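Enquirer: Model the full assembly from the supplied sequences, consistent with the hints where possible.
There are 2 protein chains.
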Amino acid sequence: MGGGHGRRPGRGIRSGPIEALGILAAKIEIIGIGNELIHGSVADQNTIYAAARLSALGFSVTRIVFVGDDLKSIRSALKEAGKRADIVLVSGGLGNTGDDITVEAVGKAFNRPLVLHKGLQEELRRYLDRRDIPWDPVLEKLAWLPQGSEVFHPRPKTCGFMLTEKDRTFFFLPGIPEEMKRVLDRRVIPYLLQHYTERDVIRSRTYRIFGLMETEVEEKLAEEVKAFPTLTLGYYPDFPELLVLASVKAGKTKEADRLLDRFGEKVAEVLGRHVISDNGLTLEEVLGELLLKTKQTLAVAESCTGGLIGHRLTAVPGSSAYFDRSLVVYSNRAKKELLGVPARVLSRYGAVSPQTARYMAEGVRAKSKTDWGLAVTGIAGPGGGTPEKPVGMVWIALAYKGGCFCEPYLFRGNRAQIKIMTAQTALNRVRECLLDDTHLSGR
Amino acid sequence: MGGGHGRRPGRGIRSGPIEALGILAAKIEIIGIGNELIHGSVADQNTIYAAARLSALGFSVTRIVFVGDDLKSIRSALKEAGKRADIVLVSGGLGNTGDDITVEAVGKAFNRPLVLHKGLQEELRRYLDRRDIPWDPVLEKLAWLPQGSEVFHPRPKTCGFMLTEKDRTFFFLPGIPEEMKRVLDRRVIPYLLQHYTERDVIRSRTYRIFGLMETEVEEKLAEEVKAFPTLTLGYYPDFPELLVLASVKAGKTKEADRLLDRFGEKVAEVLGRHVISDNGLTLEEVLGELLLKTKQTLAVAESCTGGLIGHRLTAVPGSSAYFDRSLVVYSNRAKKELLGVPARVLSRYGAVSPQTARYMAEGVRAKSKTDWGLAVTGIAGPGGGTPEKPVGMVWIALAYKGGCFCEPYLFRGNRAQIKIMTAQTALNRVRECLLDDTHLSGR
Chain A
0 MGGGHGRRPG
10 RGIRSGPIEA
20 LGILAAKIEI
30 IGIGNELIHG
40 SVADQNTIYA
50 AARLSALGFS
60 VTRIVFVGDD
70 LKSIRSALKE
80 AGKRADIVLV
90 SGGLGNTGDD
100 ITVEAVGKAF
110 NRPLVLHKGL
120 QEELRRYLDR
130 RDIPWDPVLE
140 KLAWLPQGSE
150 VFHPRPKTCG
160 FMLTEKDRTF
170 FFLPGIPEEM
180 KRVLDRRVIP
190 YLLQHYTERD
200 VIRSRTYRIF
210 GLMETEVEEK
220 LAEEVKAFPT
230 LTLGYYPDFP
240 ELLVLASVKA
250 GKTKEADRLL
260 DRFGEKVAEV
270 LGRHVISDNG
280 LTLEEVLGEL
290 LLKTKQTLAV
300 AESCTGGLIG
310 HRLTAVPGSS
320 AYFDRSLVVY
330 SNRAKKELLG
340 VPARVLSRYG
350 AVSPQTARYM
360 AEGVRAKSKT
370 DWGLAVTGIA
380 GPGGGTPEKP
390 VGMVWIALAY
400 KGGCFCEPYL
410 FRGNRAQIKI
420 MTAQTALNRV
430 RECLLDDTHL
440 SGR
Chain B
0 MGGGHGRRPG
10 RGIRSGPIEA
20 LGILAAKIEI
30 IGIGNELIHG
40 SVADQNTIYA
50 AARLSALGFS
60 VTRIVFVGDD
70 LKSIRSALKE
80 AGKRADIVLV
90 SGGLGNTGDD
100 ITVEAVGKAF
110 NRPLVLHKGL
120 QEELRRYLDR
130 RDIPWDPVLE
140 KLAWLPQGSE
150 VFHPRPKTCG
160 FMLTEKDRTF
170 FFLPGIPEEM
180 KRVLDRRVIP
190 YLLQHYTERD
200 VIRSRTYRIF
210 GLMETEVEEK
220 LAEEVKAFPT
230 LTLGYYPDFP
240 ELLVLASVKA
250 GKTKEADRLL
260 DRFGEKVAEV
270 LGRHVISDNG
280 LTLEEVLGEL
290 LLKTKQTLAV
300 AESCTGGLIG
310 HRLTAVPGSS
320 AYFDRSLVVY
330 SNRAKKELLG
340 VPARVLSRYG
350 AVSPQTARYM
360 AEGVRAKSKT
370 DWGLAVTGIA
380 GPGGGTPEKP
390 VGMVWIALAY
400 KGGCFCEPYL
410 FRGNRAQIKI
420 MTAQTALNRV
430 RECLLDDTHL
440 SGR
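Protein chains in written order, with numbering that gives the first Met the number 0: chain A, 0 to 442; chain B, 0 to 442.
Note that these hints are calculated values from the structure, not bench results.
The model shown is predicted, which means the values in this text are computed figures rather than measured ones.
Chain A regions said to be covered by chain B (calculated; three or more residues, Cβ under 8 angstroms): (1) 31-37; (2) 59-70; (3) 380-392; (4) 412-424.
Distance condition first, Cα-Cα at most 25 angstroms in a straight line; then the derived SDA-like pairs of lysine to any residue: (5) A:LYS368 with B:LYS366; (6) B:LYS265 with B:PRO239; (7) B:LYS78 with A:ARG83; (8) B:LYS82 with A:PHE109; (9) A:LYS78 with A:VAL114; (10) A:LYS165 with A:LEU113; (11) B:LYS180 with A:TYR235.
Backbone N, C-alpha and C define an ideal beta-carbon position, used for all residues, glycine too.
Expert: Put into structure tokens, the structure is as follows:
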């Protein structure tokens, strides 16, 4: 139980070349500003991106706070964060509409008058000139910053700035996600890397797991973790998957990586096919790599998923090399016409049946001349269920050279969850078959 | 500028019958506990759900805080929230794994010993008995709660509990989203409705806008808002849409609703077709209602969206009444075979061309015998672009009785964003045509 940040450092799930630097553990707090964030209107993208990037670099993100567009709340959030953290990252409220009051709040929080930033004002004028927009005094608000601010890049609306208050570094970033990410990646992170030196190395790896619950994974790994005293495990459900974050602390980066490699072998042994990836790749990316490597192709026939399987497959750049088509056959007529499911099969067994699923898988494989033909048919709900075929009943069929198998599933949840579980399970079955296939043929 | 919570109350985007009660504005803070939340590993669903539900009821959610599975952080977050808010909602850390330390932190924060909850312990035993799982002392942790806690429902792992500390009410909810939502909706909200009485009525409505930027909407509405002194507007980008939240304060619910109705007429006048809905409905739900009402059907041929259009259409229960099929024709062969796009068209103009788009739309409409045939073809990137056909170039074609139109678009962003913008724009064009059609035919 318990454990301070030193023992439970945790890391983000993204990794990149920058991570190889092996950075220290300074405490960072992130503040998101905007009424939309505290009213549940939109899911915030900025803080999760910043938290993942900074954690992956070894910084210890210790708190995330959302406050509304309210002077008093912003002021208190800034002051409190400054008391606890070494670095404070703030996003939002830098625009020129009435509810953008971050700059004003910073001035009040730290008793700094707002001063006109000439460079920014000039950029603003040039920006408007180029677009033939007449000068608007309201826009000048964008050029006023708290005294002592350093501007990253004199670009109106998206500049971002920093200031130091009582040894604490505060970064202020725009709220628009793309702009926030750009300023974070191009300005803030290089600055942090330059100014914070290495102390203790924390390295981590994230396992993407499907088909096991948190407690099952914990139990299966219980014996293995004993051999790794500096290892901590974090469990993060990410429906429909489970992310298991393994972090180790060591004197040197190489040493930490060796520990992670050794632990990784144990994970592979114990969790087997349940591990989709240990390098951040998604299921569709892993599946794409397997298909590419073995020069095989896939076509899909979707009923209850409505296109989600095709959407996931085509999320991967270059997927046209192995993904030929997906036929979203929502009506029975479409199943007959496009896949050759016989009318008597549909009338005798129904659209949600192993017979129909097999015809769909074999039909789409034959028509598209691919190596694999995947089909799903089921009842996504909320209506349409019967005692024999309840909501969540799904058949997944996979046709291949020389055969076709078909399996029943019963998924729980709402319509969206059943669609997601069906697509995930179907894609995962193809992955498993390709792994067997690759293994057997020695490819 | 500025404004306290009284002036900028804001509301969630969901609405339901419960909202008609017209509740007061008590201050609520929400605390999410879990390393995953501060390390950017997963996007939190719980706080956004709770914030939306509570805001929709008129409570004022003033702050959301995420802390890790760390005793000191949880303790300080609890104490600080108790100083500012009337009600504190905490989610996460109630399970039985080692990193679940919320209960311990509550005990430490408020100097309350943990006591064994007999009812919970018995339920736990019964739960295990029913499943033939042997008793495990580790599980008993689930039955120990801070002194003075009231358990909502003696269900192991998902019970949730509340306690009162210095006139502040603290609610503790499980971290698993489904369980958290159930306890919130069935226990917490009814409790709050019973214990907090009406003072000032704040009512709101959310407009889902597509095709206008925040500044454009603000400018278009600038004149109109002057007639509504108690109205506040919030702008929340929700890619690819913009949510505009209009809130009014009044003495009575009816009065507030009348104001919103009057403002709504102005919005419809000024923003026109850019308003997708004012009642929380998504684009695909609005489109589905239009198709149902006019008894028309739709089929889709997708290239660069890879199935996303079908996936969105089938997110709506009952969509099989108007959605026949989507053909995800990723390969040229699929375009020829399934849609009858002539080989010479593909070779002369390419897959991304108005000629191909037209053949796709007309082909899918003819084959599926629907009223409307929608087709998209484009370059989602990051590779595959040329100077003539850059990444983001998309053709959208719509075939109907007696015609077919085809329009070019150039979308910016990464692969995922281009797919999303293409699907959104395509579905929106069908909506616009149906509105024209409905209007013209007087249906």
